[in-house]
Amino acid sequence: MGDRMTEKISLQHLSKTYGKREILKDINVTVNDGELVTLIGPSGSGKSTLIRCLNLLEAPTAGTLTFNRQKIDYKLNRFGQLTRKSEAQAAQYRTKVGMVFQQFNLFPNRSVLQNLIDGPRRILKVDRGTLEQQAVHYLTLVGLRDYQAQYPAQLSGGQKQRVAIARALMMSPEVLLFDEPTSALDPEMVNDVLRVMLRLKQAGMTMVVVTHEMAFTEQASDRVLFLEQGQIQFAGTPQALQQEPATSRVKQFVSTLDHHLAVS
Amino acid sequence: MKFLKQVGDYIQMNRADFDKNLIIHLQLSLIALVIAIVIAVPIGVYAAKHAKIGGRLIGLFNAIRVIPSLAILVLVLPLMGMGFYPALLALTILAIPPILINTYSGLQQINPETLEAAAGMGMGNAYRLRKIELPLAALPVIAGVRLAAIEVISSATLAAFIGGGGLGTYVMMGMSMYDPSIMLVGALPVTGIALLSELFFSVIEFYLKKKYGIGE
Ligand SMILES: Nc1ncnc2c1ncn2[C@@H]1O[C@H](COP(=O)(O)OP(=O)(O)OP(=O)(O)O)[C@@H](O)[C@H]1O
Ligand SMILES: [Mg+2]
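Line order of the protein sequences matches chains A and B.
According to the working numbering, the first sequence is numbered sequentially starting from 29.
According to the working numbering, the second sequence is numbered sequentially starting from 12.
Just so you know, these hints were derived from the structure itself, not from any lab.
Beta carbons: idealized from backbone N, C-alpha and C, even for Gly.
Among these hints, one or two may not hold up.
Unchecked claim - Label pairs and their in silico Cβ distance ranges: (1) Val85/B <-> Arg150/A: 48 to 54 Å; (2) Phe217/B <-> Ala177/A: 15 to 21 Å; (3) Leu226/A <-> Phe211/B: 47 to 53 Å.
The following block holds chain A by itself, in its conformation from the complex:
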């Protein structure tokens, strides 16, 4: 990171309501280029909703979304969802802001290689040969070079998640969002996935990660955001988090989580 940080993605005065319930209240988040920001908070606090607003999988009820300092415009229909036109524009935008889900969400009818290639082939219109090379590169990066021909049903959870990360990378995104990427995994597979994420961080990827893995959070994140009842109650570096008084909301929340081993 240079002296002056370049802003990558930001949400200002974000609010999200479902019916009458305000799920997110006047949230302000800015993520700089190459930063890893973790989002922690109790269940139902709005973490998923917030991270999904960042790539418009969820439509903010109000607020300004900017990417590379440019405003991303969108319109809502009367159901509070993106209009058809905005949805099409959002599809464009989402190629730059990839998402990795808790449940991996691979395409079960496509092989590992096809899972990686389908999206960029059609959306970015890159030729097949180039994509296959790129796919091998990313599968090697996540340690699954030999799994190209397998189908998702034949993989373990940890392997699926690493394929999902490789698939997201295939779109050459500038930002990657992770919504509890290790929560559905057996403990012995968690580190395989976290290690891949660390490697991406070292390679300069901008990331926003919803997680309960405090060891990873302390070790890898530049900043931690603590969300409670739709509001950011703490924002700061992992060091600053450590120095919060034990009576603070965020410290109390963290003390309820187990501290796993550090990622090796």
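Since the structure of chain A is already known, use the hints to place chain B with the ligands on it.
Quick look at chain B with the ligands alone, frame taken from chain A:
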């Protein structure tokens, strides 16, 4: 055994006539099935994408499903008269509901999160439908076609009652002549075709399941 020999002899002696009826039976079944697929799959997709109208459409076709096949065949009589085409229409109507309903439920069963992942990487709706949703719904759709095929193949036997021809001709003839062996000239091949159709679709289903690594 005696019956079987009589059936064989009858077919030998009436070879041209038998072949003609066999072909009509196959044509009726196959064309009805193809038309039904072409109509039912798009309606099923539409129904799955439009929750409100979709639910009603499915209710309607579920109701059609309850009408016995002979009744549908007889109902087209006043509309189109006797012959091949009225029989074809009736069989098509019979074949639509199972395919439509399975297309609908097949699409509904897809994990919405899988589709979200597709949207999350910027796939548009049409592409997602073609590349992800329809292939994922393929197994239920094929199961629907398999049901429809059995229905059509067996109901095509009734087509003879409205002058549509086919193997039912021998069933009718045998009945009026009190000769069970002539009835079998129609009934045995129909059974054979039905079994072959089952075999054909189960091979496709087996192959797809294996390809996707999905267990039984
Ligand atoms: N589509 C929706 N319609 C109505 N309410 C919703 C919808 N999606 C989420 N909510 C509500 O918004 C609140 C925040 O949900 P969200 O999924 O963002 O929480 P979370 O912090 O990710 O929780 P968890 O840790 O359990 O994943 C919850 O109270 C949830 O019930
Ligand atoms: Mg969540």
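message: I'd like to know which numbered hints this structure contradicts. Please list them from smallest to largest.
response: The structure breaks none of the hints.
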